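The listed protein sequences derive, respectively, from chains A and B.
Numbering of the first sequence is given in the numbering used here, commencing with residue 1 and proceeding in unit increments.
Numbering of the second sequence is given in the numbering used here, commencing with residue 114 and proceeding in unit increments.
This list has only true hints and no planted wrong ones.
Pairs of lysine to aspartate or glutamate residues, derived as EDC-like cross-links and limited to a Cα-Cα distance of at most 20 Å, are as follows:
| no. | chain 1 | residue 1 | chain 2 | residue 2 |
| --- | --- | --- | --- | --- |
| 1 | B | Lys170 | A | Glu95 |
| 2 | B | Lys122 | B | Glu188 |
| 3 | A | Lys49 | A | Glu64 |
| 4 | A | Lys49 | B | Asp142 |
| 5 | A | Lys68 | A | Glu95 |
| 6 | A | Lys69 | A | Glu95 |
| 7 | A | Lys100 | B | Glu167 |
| 8 | A | Lys49 | A | Glu95 |
| 9 | A | Lys58 | A | Asp85 |
| 10 | A | Lys100 | B | Asp142 |
| 11 | A | Lys112 | A | Glu88 |
| 12 | A | Lys58 | A | Glu88 |
| 13 | A | Lys100 | B | Glu175 |
| 14 | A | Lys100 | B | Glu166 |
| 15 | B | Lys170 | B | Glu188 |
| 16 | A | Lys49 | A | Glu71 |
| 17 | A | Lys100 | B | Glu188 |
| 18 | A | Lys112 | A | Glu15 |
| 19 | A | Lys112 | A | Asp85 |
| 20 | A | Lys49 | A | Glu66 |
| 21 | A | Lys49 | A | Asp85 |
In silico negatives: residues of chain A with every beta carbon more than 12 Å from chain B:
| no. | residue |
| --- | --- |
| 22 | Ser12 |
| 23 | Leu20 |
| 24 | Ala54 |
| 25 | Gly62 |
| 26 | Phe63 |
| 27 | Glu64 |
| 28 | Glu66 |
| 29 | Thr77 |
| 30 | Pro79 |
| 31 | Ser80 |
| 32 | His82 |
| 33 | Met83 |
| 34 | Phe110 |
| 35 | Val111 |
| 36 | Ala113 |
Worth flagging that the hints you see were computed from the coordinates, not collected in a lab.
Since this is a predicted model, take the numbers as computed values, not measurements.
Where a beta carbon is used, it is the ideal one built from N, C-alpha and C, also for glycine.
If you want the building blocks of each chain, they are given just below.
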Amino acid sequence: AQSVTQLGSHVSVSEGALVLLRCNYSSSVPPYLFWYVQYPNQGLQLLLKYTSAATLVKGINGFEAEFKKSETSFHLTKPSAHMSDAAEYFCAVSETGGFKTIFGAGTRLFVKA
Amino acid sequence: DSGVTQTPKHLITATGQRVTLRCSPRSGDLSVYWYQQSLDQGLQFLIHYYNGEERAKGNILERFSAQQFPDLHSELNLSSLELGDSALYFCASSVSSGGASTDTQYFGPGTRLTVL
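All chains, please: the whole structure from these sequences, using the hints.
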């Protein structure tokens, strides 16, 4: 069965600092992996997705994530945090041929001025 | 704006009641997904419909049911409501030919259900 673990329910960074949000997955078949962002009082929006092409995936708003099979990880990074990045971030996994997407518990990112 | 619409935005009701949440997918999308988001359970996948047919079930209670109509809008019916059903209910849609594997899901703004 597939699952997703997001390490850290809250992450706080200073504006301009590196953002690193951690995600580890478990899947019995090659996974597809996603990062979504949720701003307050809004639905989720796709940031980026890994679909077995390049292991380094670039997304919107300057975010990127690297798929590391040996570590079963798909961590999200951004070189320089902006105040507007403050939101909740969800990592998700689906399996090849599957119909379900399983979401992690989410990590709330705080950005300090 | 994702193009997915959900009504109503807020719903307050009492225990034991029944409610219906409505979702209209993006134009051209054939798949609709329902999720429940609560503080204690996080974001839980409930059910997926593709072109009117149920494709996958997640952690959906027997008191809950859903359907997708010929015009592709979907309704989530929640009955015998309990306090613990209070949550945000999201609908998402995708163009999907049937598999959710690589599809980008576009989420609606959600319906906030409060059960008193």
